[in-house]
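Those protein sequences? They're chains A and B, same order as listed.
Counting in our numbering, the first sequence runs from 2 upward without gaps.
Counting in our numbering, the second sequence runs from 188 upward without gaps.
By construction, these hints were calculated from the structure, which means they are not laboratory data.
Treat the hints with caution; some may be incorrect.
With a cut-off of at most 25 Å between alpha-carbon atoms, the simulated SDA-like pairs for lysine to any residue come out as follows [stated by the list, open to error]:
| id | chain 1 | residue 1 | chain 2 | residue 2 |
| --- | --- | --- | --- | --- |
| 1 | B | 286 | B | 304 |
| 2 | A | 84 | B | 330 |
| 3 | B | 234 | A | 51 |
| 4 | A | 84 | B | 311 |
| 5 | A | 84 | A | 25 |
| 6 | A | 84 | B | 226 |
| 7 | B | 234 | A | 96 |
| 8 | B | 234 | A | 85 |
| 9 | A | 71 | B | 294 |
| 10 | B | 267 | B | 208 |
Because the structure is a prediction, the values reported are computed rather than measured.
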Amino acid sequence: MDINVRKRSQVQVIQLRGALRMGPAVDSLRQTLEEAIGNGDTRIVMNLSEVPMVDSSGIGLLVRFLAVIKQHGGNLKLAQPSKFAVQTLRLVGVLKLFEIFDNDDAAVESFS
Amino acid sequence: MPADGGPENSGLSELLDLSVPADSEAIASVVDAVTVTLERLEVPEQKRFEVALAVQEALANAVIHGCGNDPSKKVRCQLKGDPLGRILISVTDPGPGFKPDLVADPLRREGVYADHGRGVYLIRQLMDEVHFASNGSEIRMWKY
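Chain A with its partners taken away, still in its complex shape (with noise of 0.2 Å):
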């Protein structure tokens, strides 16, 4: 999986490419989302449009990182996910847990 970070208006914007699943992926994830918290970065939007797959060990990753992020204040807010990534969190009752947005602007200015 690719990881892209970027800062736009103290926004973190992380662009994902590949499938979120068991392994390199997920421990890569959660690897920058860790540094980001570590950093005081808590103003966080994940596009996952180019995300075809997110098994459930991807899906306890961004329920989790939720979680810790709103405890620290900030938000974990979510930018076109794939047809398939929203199937997934809907069928295992998570995705009304998060702000979506049609694409990374509207999520960034959703902060201010």
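Given chain A's structure and the hints, the job is docking chain B onto it.
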């Protein structure tokens, strides 16, 4: 009806039979092989997605719970299909098995932020029939 309670297996052709080390990268290659096989058979995208994710979850459970994340152990994945488009996937691990009925419901309120415990639930949502054999160390999943 066969002994495991699943549908009749007659008329099924073997499409894949892979045994791989119990590690995450190896199981990703199996999921990708299943996807490529289903693409070759012109299985619709939605059905391919649902089968691939169920296979990913079944293999992940086999690696974590059946093999204790020990890559010296192996998990086996068999894919069969018939002319009606029915697909049967079996995933087997060398572990002692488990009691699938004891898996907690991930939709309960206190479980919604949990970082694990959704795999079997997802499989049951994605596939049309799911049966466990050999005390839970083999899962047979049907998609019609």
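How the hints compare with the structure:
The hinted pair formed by residue 286 of chain B and residue 304 of chain B meets the criterion: a straight-line CA distance of about 14 Å does not exceed 25 Å. For a cut-off of 25 Å, the pair hint linking residue 84 of chain A to residue 330 of chain B stands: about 20 Å separates their Cα positions. Between the alpha carbons of residue 234 of chain B and residue 51 of chain A the distance comes to roughly 19 Å, so the proposed pair stays at or under 25 Å and holds. Between residue 84 of chain A and residue 311 of chain B the CA atoms are separated by roughly 20 Å; this keeps the pair inside 25 Å, and the hint holds.
A C-alpha spacing of about 23 Å is found between residue 84 of chain A and residue 25 of chain A, which places the hinted pair at or below 25 Å, so the restraint holds. The suggested pairing of residue 84 of chain A with residue 226 of chain B holds, with an alpha-carbon distance near 18 Å, which does not exceed 25 Å. Restraint check for residue 234 of chain B and residue 96 of chain A: the C-alpha separation of about 21 Å stays at or below 25 Å, so the hint holds. Restraint check for residue 234 of chain B and residue 85 of chain A: the C-alpha separation of about 11 Å stays at or below 25 Å, so the hint holds.
Of the supplied pair hints, the one linking residue 71 of chain A and residue 294 of chain B holds, its CA atoms being roughly 21 Å apart against a limit of 25 Å. For the hint linking residue 267 of chain B to residue 208 of chain B, the alpha-carbon distance of about 21 Å falls within 25 Å, and the restraint holds.
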